[in-house]
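**Q** Using the sequences provided together with the hints, build the complete structure.
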Amino acid sequence: MLSADIIAQILWTSLATSSYAVLFALAFALVLKVNRVFNFAQAAMMTVSFYAAHATVALAGLPSWLGFLAALAGSLAIALLIEVLGFRTLRRRRAAQMFVFIFTLIISELVAYIAMLVFGTWPATIFPSLFWPVTLVGGIAVSAWDLPAVGAMLLAVAALFGFLRFARMGQFMVAVSDNPDLAELYGIAKERVFLFAMVISALLVALAMFLYGTRAQVQPTTSIELMLFAIAATIIGGIGNLWGAAITALLLGVVQNASVLFIPSEWQGFLLYVFLFLAIVFFPNGIRLPQRSRRLTRKTPTPTLDASPTSDPQKV
Amino acid sequence: MKLMSRSIHRRAALAGFSLLALGLAAGAAQAQETFKFGLAMPLSGGQALYGQDQVKAAEWGVAAINAAGGVNGKKLEMVVLDTRADPQVGIQSANRLISVDKTPAFISAWSAVVKAIAPVANDNKVVQLSVGANSAEIAKLGDYTYTTFPLADIDITAVANYSATTLGKKKAAVLYINNETGVVAAQIYRDVFTKAGGQVVAYEAYDPKASDWTGSLLKVRAANPDIIHIQGLVSDTPQVIAQMRQLGLQQPVSSYSAVYNPKLIEQLGKAAEGVIATSLAPGLESKPVADYVERWRKEVGREPNGLPYTQYLYDAPYIMAAVFKSLDDKKLPITGENFRKEMLAIKSFDLPLTGKLVINENHTVNKPVYLMQVKDGKWTQLAVVN
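Protein chains in written order, with UniProt numbering: chain A, 1 to 316; chain B, 1 to 386.
Everything labelled a hint here was simulated from the structure, so no lab data went into it. Keep in mind that a hint or two might mislead.
Claimed, not checked - Label pairs and their computed distance ranges (CB to CB):
#	chain 1	residue 1	chain 2	residue 2	range
1	B	Gly301	A	Leu154	38 to 48 Å
2	A	Leu105	B	Gly69	52 to 62 Å
3	A	Arg94	B	Val80	47 to 57 Å
What the hints assert, rightly or not - One-sided excerpt, in silico: chain B residues whose CB lies under 10 Å from chain A:
#	residue
4	Arg96
5	Leu218
6	Ile241
7	Gly248
8	Lys270
What the hints assert, rightly or not - Residues on chain A that point at chain B, a partial pick, calculated with CB under 8 Å:
#	residue
9	Thr125
10	Trp132
11	Ala216
Idealized CB from N, CA, C, for every residue including glycine.
**A** This is the structure we're talking about:
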């Protein structure tokens, strides 16, 4: 049963399908790190970007690159709306974190409901066909979707890494995520940084949703389910740790897929919750990290998290 | 001033009452001229997409009956109410049909709604005819809930038997979604296939939220079955089949009514060839059904959502009409109790779009199952299992 080609196949497919999961987790973790918001409204961005691409390619019959642009535009538009009309107003009112969280939940449900009214509940896709031709590479089935998806994911991750490391706005972002008030004292426009984090999150979401929608069917509530995976990866990977969330998303995919070979298949979905439970109970750092890091940064300039981004504020 | 206003109020109230009385009398007079039944369907909310098409089908059914002379010369009248596919709203609609519209019988659908309404129907002795809900529990909801739609196990039993006997498959793999729909049906398939002499060599569940099935499919591939039965939802089954073919599993695939739609072929292309699905109503090869679908294309500009369900809804008023006719012939009062007795006495109905229907005492129905297969990019009828 456990032959080398089965293991290799599981590893490859998990890597390929993790392309969108990694991007969803990064988008979620970034907004959590910089804006300090559990952005459940990411599901709304996902839904809008998918249906924008679906309407452009599947319904209007336009080329796929236009569909991708539509996904980007849709995701950006809703992200800007959420930030400018929602988060900014709530920050001005000094709304409690829980209140902001509930706001994001409502937005995601609202958009799902509107999508249901406009597009119905029937599952939809971006391209009419879900089937991608397959090439056998040393006994492993590699579909025509796999390589571009993994390539796009790697490019996006590299771009994000480069941006946070070398671009001025990226460094501002890291500074604000460490200590927004201190960053403001240094002359960084906090509000612009928050807006920018949402913009980057929207771009990641649009790319990931386009990848997902070219391979799988989507219903208005699919995004909310996909979000749970991103949230689990963020919590297990350690809140505030972008790359931790990305690597966890990748590993969780592999573990979930491979688990079928070792445990009864009914337990496969349960596994995610076991990991979440263990992470929350035994590694509470993962959840309390942002608060503690804030307290720590007041005393010492270098917080405990992530070595690479935290060393940046001094450079700024 | 005060006195005057009070007298005006009194006069207005009196006028109101007399108008109401007149209205009621008119209503009663009208009631004698028509045979009235109710239809409680989701006209708004997430399920409206299907509900509205089903109501349209039922309206066409009523119009056709009335155009052909009605029931003993009297018109058939249908009162349509919204349930939003929500049990609570469904109960309100049922109460209104029973106490305001005074219908002896009404049609409903969606398992959760049918279950919620059942006690109301039982208490008031009004017949609830479930048209579309397929949960096996529908048969156990008391004396006044009947179904015209075959319940869950019928098509799975047919496809399992057909695979083991007619197709001669010895080893089957079952891949099912880990929720109420999948678990129960997969058990039925396993039991029936084993009883028919076959062997289930792989029995794999998958998570309802899964978007990748590599692990389960590789396990199925290792078991080397002759046929693979997939018990999933319309949202995941095409993807499972696509991934299965990509992983090199070329075995025949069977599934059930959820995948019997033109979209499967569009989504899978050549990978859909040979897929077997079930349908609980005759397809386009039947002339009345072809005409009916053509009418949709002409009048609405598209095919109905959930075609087989709309066929059942089109036919439901014919059952109502047959029972009303029989009651009227025997000069029996039109009550829920009499309606139920008469419906069970008639028992067998010949319906225009779904063929012969037998309503059993035990609240189930006998209907043939149509096995459909994708051949040359089209759904074609493979067999009819009685």
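**Q** Please go over all the hints and tell whether each is borne out by the structure.
**A** Going through the hints against the structure:
{"no.": "1", "hint": "Gly301(B) with Leu154(A): 38 to 48 Å", "result": "45 Å, holds"}
{"no.": "2", "hint": "Leu105(A) with Gly69(B): 52 to 62 Å", "result": "57 Å, holds"}
{"no.": "3", "hint": "Arg94(A) with Val80(B): 47 to 57 Å", "result": "51 Å, holds"}
{"no.": "4", "hint": "Arg96", "result": "25 Å, violated"}
{"no.": "5", "hint": "Leu218", "result": "5 Å, holds"}
{"no.": "6", "hint": "Ile241", "result": "9 Å, holds"}
{"no.": "7", "hint": "Gly248", "result": "6 Å, holds"}
{"no.": "8", "hint": "Lys270", "result": "8 Å, holds"}
{"no.": "9", "hint": "Thr125", "result": "7 Å, holds"}
{"no.": "10", "hint": "Trp132", "result": "7 Å, holds"}
{"no.": "11", "hint": "Ala216", "result": "5 Å, holds"}
Against the hints set out earlier in the document, a violation occurs for number 4 only.
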